[in-house]
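S.K.: Residue strings, one per chain:
There are 2 protein chains.
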Amino acid sequence: MMSDVDTFKKLLIEHQLIVGERTFLKDEFLIKAGDVVYFLNWIEKGSVRAFFINEKEEEQNVRFGYIGDLFTSVKSVFLNQPSDLYLQALKKTKVHLISVEKLKSIIQSNEVFSQIWINIIQYLVCQQMDREMDLLTNDPKLRYERVLERSPQLFQEISSKHIANYLRMTPETLSRVRKS
Amino acid sequence: MMSDVDTFKKLLIEHQLIVGERTFLKDEFLIKAGDVVYFLNWIEKGSVRAFFINEKEEEQNVRFGYIGDLFTSVKSVFLNQPSDLYLQALKKTKVHLISVEKLKSIIQSNEVFSQIWINIIQYLVCQQMDREMDLLTNDPKLRYERVLERSPQLFQEISSKHIANYLRMTPETLSRVRKS
DNA sequence: ATTTATTTTTACCTTTGCTCAATAATTAAA
DNA sequence: TTTAATTATTGAGCAAAGGTAAAAATAAAT
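Each protein sequence line maps, in turn, to chains A and B.
Heads up: take any position in the first sequence, counting from 1, add 146, and you land on the numbering used here.
Heads up: take any position in the second sequence, counting from 1, add 146, and you land on the numbering used here.
You may find that some hints are simply not true.
Because identical chains cannot be distinguished in the list, a pair is counted as satisfied if it fits within a single copy or across any two copies.
In silico lysine-lysine, DSSO-like type, Cα no more than 30 Å apart, as pairs [as the list claims (entries may be wrong)]: (1) Lys237 to Lys155; (2) Lys307 to Lys202; (3) Lys287 to Lys178; (4) Lys202 to Lys156; (5) Lys202 to Lys191; (6) Lys307 to Lys248; (7) Lys240 to Lys325; (8) Lys237 to Lys172.
The set of hints was computed from the structure by calculation and includes no laboratory data.
Let the hints inform the model, and build the full structure from the sequences given.
M.R.: Put into structure tokens, the structure is as follows:
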């Protein structure tokens with residue numbers, strides 16, 4: 147059985163929404179804060195992180211993307227405003243570029259697209275609720291275990307340093323938590 | 147100029163999606179965890195909180211609703227599963243009931259509905275990103291200030307006790323933060 | 001392969017938000 | 001209005017997560 151995201155990817159190809167591809171070296175930025183976002187990135191190879199700079203000028207990770215993921219600065223796309231996130235390649239990463247303009251247009255004109263789009267963003271809302279519940283867990287160990295259970299692949303793909311940041315703790319705390 | 151939510155409310159009336167109304171006394175539950183959710187609550191009067199029970203059996207607030215808001219257990223509606231949230235009246239609260247079944251049906255069949263629905267849930271995603279950034283702010287004072295700036299009405303409507311919980315801190319810490 | 005840089009682990013110390021407790025202030029109930 | 005119950009404030013002590021620093025382990029670069 148095909149997932150909504152798989153169906154959506156098939157539609158992206160059929161309707162020629164893929165307008166190019168790009169390769170980023172490790173640490174290169176797909177998008178920087180302040181940039182206007184023209185593309186969704188469909189990751190063919192590599193991995194990416196999304197982070198923002200907080201009030202103390204520190205980087206704060208909010209999302210990771212791996213092979214097969216559609217990755218972008220969502221708020222920027224939805225609100226038509228400059229990105230508040232940085233998207234950065236964690237290793238050499240190849241992406242296919244989906245035109246935001248064409249995507250928005252076809253979501254408005256094509257019934258099939260709009261319905262599947264609804265399913266996809268509704269699912270995104272659900273994932274964000276889970277993320278909120280994770281972040282509201284005070285005990286670092288429980289926070290770690292919750293995320294490990296739901297996203298085990300995260301811990302395969304991403305370095306502990308970045309996971310610790312994502313989990314709102316220091317690398318030292320994560321290291322201790324994993325031992326105990 | 148009419149907001150998407152206002153337009154949506156107008157459509158709810160025109161298409162007779164309001165199938166009843168209910169009044170809840172202070173502390174009564176609109177929905178309990180485990181319940182199947184049949185309705186969206188359009189709040190006419192009063193205020194409501196959404197919370198879940200965490201691993202330590204404590205209540206954890208995740209959302210508040212006031213007059214005019216559409217309020218429900220979103221994940222339950224989107225995933226067709228029992229609610230993981232409790233929705234509880236914080237004072238005597240009157241709501242109009244929107245049929246989830248009818249809403250889902252009309253979103254699939256009516257172009258106008260589906261397009262405005264897309265706008266509404268895309269906006270919801272953006273709000274959740276902001277919430278995530280709030281929760282990732284480590285310093286309680288900054289966390290308080292961020293939310294106060296973006297949702298000043300929250301501090302009018304809701305008691306400090308519940309706000310503190312929502313902000314991931316104790317009432318004592320919130321009290322001290324407000325003084326300083 | 002060797003060097004350089006980065007990440008992870010460990011120990012010790014510091015800070016800060018939480019618990020507990022007592023009081024004051026508000027709100028609800030009789 | 002008076003009483004009861006809940007909520008908000010303040011202080012003191014403590015536990016736990018974070019900071020610092022140094023060593024060990026990986027990974028990257030030459």
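S.K.: Each hint: holds or not?
M.R.: For each hint, the structure was consulted:
For the identical chains of this complex, Lys237 and Lys155 are intra-copy neighbours only, at 23 Å inside a copy versus 47 Å across copies, given an alpha-carbon limit of 30 Å. In this homomeric assembly, Lys307 and Lys202 come within 30 Å of each other (Cα to Cα) both inside a single copy, at 18 Å, and across copies, at 27 Å. With identical chains, the CA atoms of Lys287 and Lys178 are at most 30 Å apart between copies only, with a shortest distance of 28 Å across copies and 32 Å within one. For a Cα distance limit of 30 Å, the shortest separation of Lys202 from Lys156 qualifies neither inside one copy, at 42 Å, nor across copies, at 44 Å.
Taking the closest pair of Cα atoms, Lys202 and Lys191 never come within 30 Å of each other, the shortest separation being 33 Å inside a single copy and 40 Å across copies. Neither within a single protomer nor between protomers do Lys307 and Lys248 lie at most 30 Å apart by alpha-carbon distance, with minima of 37 Å and 47 Å respectively. Taking the shortest Cα distances, Lys240 and Lys325 never come within 30 Å of each other, neither inside one copy (35 Å) nor across copies (51 Å). Taking identical chains as interchangeable, the C-alpha atoms of Lys237 and Lys172 lie at most 30 Å apart only when both belong to the same chain, with a minimum of 4 Å there against 54 Å between chains.
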